[in-house]
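Let the hints inform the model, and build the full structure from the sequences given.
In this text, residue positions in the sequence shown follow the numbering used here: the first is 433, and each later residue adds one.
Any given hint could turn out to be false.
[Said to hold, decoys possible] Distance ranges between label pairs, derived from CB positions:
#	residue 1	residue 2	range
1	P760	F502	20 to 30 angstroms
2	G705	H740	31 to 41 angstroms
3	L471	G561	37 to 47 angstroms
4	R500	R735	22 to 32 angstroms
5	A611	A769	18 to 28 angstroms
6	R761	R626	44 to 54 angstroms
7	H469	R626	37 to 47 angstroms
8	L762	L728	42 to 52 angstroms
9	E794	L663	18 to 28 angstroms
10	T743	A644	21 to 31 angstroms
11	G705	H469	16 to 26 angstroms
Because the hints were derived from the structure by calculation, they are not lab data. Don't be surprised by glycine CBs; every beta carbon is placed ideally from N, CA and C.
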Amino acid sequence: MLHCDRPMVSRSLGELRVSRVSVPSSDPASSAVAAPHELLLLLTLATVQFTHIVDFMVIMPLGPQFMRLFDVGPREFGLLVSSYTFAAAVSGFVAAFWIDRFDRKRALLALYAGFIVATALCGLAPTYGLLVATRVGAGLFGGVISGLVFTIIADLVPYGRRARATALVATSFSLAAVAGVPLALWLAARWGWRTPFLVLAGFSLLVALGAARLMPPLSAHLASHRRRGPLGQLRAIFGERNHLRAFAFMIALMFAGFSVIPFIAPTMVANVGMAESELPLLYFCGGLATLVTAQLIGFLADRYGKHHLFTVVALASIAPILIITHLPRLPLATAVASSVLFFVLVTGRFGPAMAIVSSSAEPRLRGSFMSFNASVQMAGSALASPGRHVAPLRCRGLAGRRLHAAVRFARAQDPGRPRRPAAAHSRIDRVWHLRVTWQARPSAAPPSA
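Below, the structure written as structure tokens:
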């Protein structure tokens, strides 16, 4: 039986409530894995996430190569990135209707097998169009995998340690940046861009075999699962106002980050002046720093409160977002330092945020809820990738300032857009920093020469 502390905890993030589920030994969702095996399970999930994230991340630093080899521009590259995330959003929505009907382990392994096949096909795609199609296939499986991993964490780890557990699995992002992406870029530079995908597919196959052997059956949630039709499942998930707050929170979180993240590598090459061979250093340093800071933020979130820590880190992340979207040509060390600050604070929001979101649903609905959450998470990422199309939006407050910075940055990458003289840029920037309304407006027409 589900035991919830009353009253439910409420904090300042849009009044998003967290169900503080107690974790007595009689709770089947919490005792399914013995304590000595919890770390092994988390490491297994982190490895699954590592391969999934490398597959997603490696597209971004390979952007300059794709644009050169396939003769495409930033708009087509944005489509390549967003095709994965839109597909993941659709698959997460569809999977939410059936994911709670199956053993978590079997569902994870089946989806992971599909992801491996799609990743291998990415490495065999001969044209830009087929590459986009294979990225759609990878997104169909990868989006559900991510939500399922965090569902398993929320089912098995007590709330008091959940931020640390989430941060441990989230270090897969850092490891992907430190080891996965630099290795993939080295393979691409030595043997071509197809090699990273083929090697990743082979490594993922080994991970799948290990997970099948090491992971225990994860079916405790089936005891309390009540079958519903699609409409009943929608009512159960979207009829709860707290779930809607969680979804809106996640969309805003992902949109803020992915308005900038996909374009870091192209802008470092085109605007800052980094060589493509120097990009692995950028991701290595950023990932190495987040390996330490993610665990620290997770520990502090469990100790001082997940809502409070998220608020502090989110406010602090505004500075590196504005910095990295306005970088001129700089020395390599300064550019890398700016990127490290960005990775530390922007990705540091994720641990406490996922602990908050995963705790806002009851265990019997958590699989469907997290699948829907993965869907809206990917939708937020996909909407942010082609950020140049959102300039007509009018937003106030900090969100508006961050959105405006992201829009200006994405628009600056369009080679067909007329350029302002350098002096005009400096005048506009000075005016921008003196504005008190913090309102995002469409960029003014370029002044005549």
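Which earlier hints turn out false for this structure, listed by number in ascending order?
Hints 4, 6, 8, 10 and 11 contradicted; others consistent.
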